[in-house]
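Participant: Based on these hints, arrange chain Z on the given structure of chain W.
Which chain is which? The protein sequence lines are W and Z, in order. When the letters of the first sequence are read in order and numbered with UniProt numbering, they come out as residues 1 to 413. When the letters of the second sequence are read in order and numbered with UniProt numbering, they come out as residues 1 to 413.
Treat the hints as calculated values from the structure; they're not laboratory data. Every residue gets a Cβ at the ideal spot worked out from N, C-alpha and C, and that includes glycine. Everything hinted at is true.
Simulated DEER-style distance windows between Cβ atoms:
{"#": "1", "chain 1": "Z", "residue 1": "Asp74", "chain 2": "W", "residue 2": "Asp197", "range": "21 to 31 Å"}
{"#": "2", "chain 1": "W", "residue 1": "Val165", "chain 2": "Z", "residue 2": "Thr72", "range": "31 to 41 Å"}
{"#": "3", "chain 1": "W", "residue 1": "Asp197", "chain 2": "Z", "residue 2": "Lys363", "range": "49 to 59 Å"}
{"#": "4", "chain 1": "Z", "residue 1": "Pro128", "chain 2": "W", "residue 2": "Cys171", "range": "42 to 52 Å"}
{"#": "5", "chain 1": "Z", "residue 1": "Pro364", "chain 2": "W", "residue 2": "Asp197", "range": "47 to 57 Å"}
Far from chain W, some chain Z residues (derived; all Cβ distances over 12 Å):
{"#": "6", "residue": "Glu79"}
{"#": "7", "residue": "Gln97"}
{"#": "8", "residue": "Glu101"}
{"#": "9", "residue": "Asp112"}
{"#": "10", "residue": "Pro130"}
{"#": "11", "residue": "Glu155"}
{"#": "12", "residue": "Pro236"}
{"#": "13", "residue": "Gln240"}
{"#": "14", "residue": "Lys242"}
{"#": "15", "residue": "Thr319"}
{"#": "16", "residue": "Leu320"}
Protein chains: 2
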Amino acid sequence: MDCEIISVGTELLLGQIANTDAQYISQRLSELGINVYYHTVVGDNKQRLLDALDVAVKRADLIITTGGLGPTVDDLTKETVAEFLGLELQMHEPSLQHIKEHFNRTGRQVSDNNIKQALLPKGSIPIPNPNGTAPGVIIEHEKGIFIVLPGPPLELQPMFEETVVPFLQKCSDYTIVSKVIRIFGIGESKVEEMVKDLLDEQDNPTIAPLVGHGDVTLRITARVRKGEDAYALINPVERQIKQRLGDAVYGVDDDTLSKVVSRMLIERELKLALAESCTGGLISDKLTDVPGISMVFDRGLVTYSNEAKMELLGVSSDTLNRFGAVSPQTAEEMALGALAHSHADVALAVTGIAGPDGGTLSKPVGLVYMAIADSYGAYSSKHVFNGDRRRIKEIAALTALNLLRLHLLKNND
Amino acid sequence: MDCEIISVGTELLLGQIANTDAQYISQRLSELGINVYYHTVVGDNKQRLLDALDVAVKRADLIITTGGLGPTVDDLTKETVAEFLGLELQMHEPSLQHIKEHFNRTGRQVSDNNIKQALLPKGSIPIPNPNGTAPGVIIEHEKGIFIVLPGPPLELQPMFEETVVPFLQKCSDYTIVSKVIRIFGIGESKVEEMVKDLLDEQDNPTIAPLVGHGDVTLRITARVRKGEDAYALINPVERQIKQRLGDAVYGVDDDTLSKVVSRMLIERELKLALAESCTGGLISDKLTDVPGISMVFDRGLVTYSNEAKMELLGVSSDTLNRFGAVSPQTAEEMALGALAHSHADVALAVTGIAGPDGGTLSKPVGLVYMAIADSYGAYSSKHVFNGDRRRIKEIAALTALNLLRLHLLKNND
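Extracted from the complex, chain W is given alone in its bound form (with noise of 0.2 Å):
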């Protein structure tokens, strides 16, 4: 099945965004075998949107919409498709509800605009959208598959998910199978040193590297016919991966390091306490992403000022005066103080410079150290991160509870 994606919004035009919702779509098709030929994008304009569309169905007989769903005048994409494949748009009465529901929880009225969005095409399949207003639908027509998605990738990837795959699933011999090897600590040109032969003998199954944010992965791909068990291809090359890069690999698939991390708090009833300064809480965020961490994540307390790290912490005043408040004697104290002040079994600290300005020339921006207290004590270490402010955050985040995972691998009792 060839496939071309038809993004639809003047703002791709007016580059005020990436078209990621393509980059999204292509790399999930990719995984499920479908090939993707073309992309296309096109402003918010119906005979331009019907011209694309003619162009499409010459050389791909599945194509994807993604935006022009929304309740403006402007949103047109189903509307221009309907029109297309001379189908007639009826009002989808379970749309209908969802969307009421969806304004009622929020106290709004629905407007005109809104109902409008749950008119679906004669005969299509309604794709629900459990994060906003707007259904998509697929449709099965002899000018070939249309499926037609909100812009939104937050709106767009779980629909995606949750019903296009499935769908598609169906059209296809064969099943694609893929795990992802997540892997953090080691670059990506050393991490395809230490698996290069694996890399060079690929075939079935196929071995991606990819660089993630802060992570890197290894993305292993097997291709069976239905019915055959694509892990008996995967496993043994992730068993191999696994030995080669060892505690380097946090995880497989949809993990993240807060989740991998929570996982261990919880199964060992381990109460956390983090005190941030330069990650400014980004730490307490990705681990609040976690559902079910409220039973390990005791608090969190972002000591941005001197005053909060001695009075919430007990960093003495001779500490920040003598090393400074970026210093391994300060990281230390903070998560001494955050074990001591909290009913936390373990307490990770972070505190460094994340600029623009406060860099010098003995602590320069970027600058970051990190310190594990429990029971037995405090240890720290000291990293020095690249990048902008939000990158700064970003990686030091990421590698604080990488630490936290990896001091929790060591101490297994």
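Facilitator: Showing chain Z alone in chain W's frame:
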């Protein structure tokens, strides 16, 4: 002049990277007053690229290609464009010299593959590449203007700024200027209703609504002859919009709620303390993305457990037992506690149910209470948000920042 951008690269169709080149070029072209009506992405395949060019010349008179200028066998954009236009390739000596010097500097031998990069279509204008070996070309042809650029942004962007922009400015008599009005607290369709007549009568400047992450934006875009003042057209429309939407307008262009709130706090030298439960540190994280915030951000307390709420904020166990952790009473005691247990002049507190578990009939997932406290006392507000755990955290954090912004607006003394 109407432009189509054709990006060449199988890695784009596999979703390994997003098409940021097209975004960059589109942004710059809109500033230059050149319409971009289509983006096309095609793989490293000669026939499909020829087909894409064939489609493009029918709907655009300026065609910019990105990618496929590398030394490898599947880099074939320049050759394919030349074939499409019936132009032969000729060795361009200055480019060849540049390539040789590039390799000498890095002490490597020039390969035949790299020498091929100096072959340019007959009659084309070379685009020097200071950051790489592959030159670009500008071709003025009866089929249109063709501009061929390499894929890596580090190479493409300086080439675009130094050679392409001056070339295009010569071709256009107009410039386009945009201003983005940022709105929070009113839904997209409601915003449209409030400015419907402006949207209907829009011509120059144009007004385009766009939904962001929780906020809504209106982009005002004016097109003027070179030398004329675009703001003479933009400013009156901006004033009208601000009159209609009032305090819901929180900023312009690249403002964020965090930046705006930080600016207000810093200007008035007001210190802030945060008490977060369901947002789990996300508000602290957003605020600490703003350089200089340390001047006014005293501390953030992520009080996830009831113990933390009592010990760090002095929330009474009686309140927690009678009204629950998610209640206006608890929210207000959290805010007052954050104020009392810090050096802050104003405190913001958030408590709610982010889900997926923990919801009840009377207190569903998405229920969030927020409170603000200052020397005059505390008050709270109730909110119900839709979406998954992350989305509820995000929208709650933004809504809380907006409450603080409105509080500071009302209490401007």
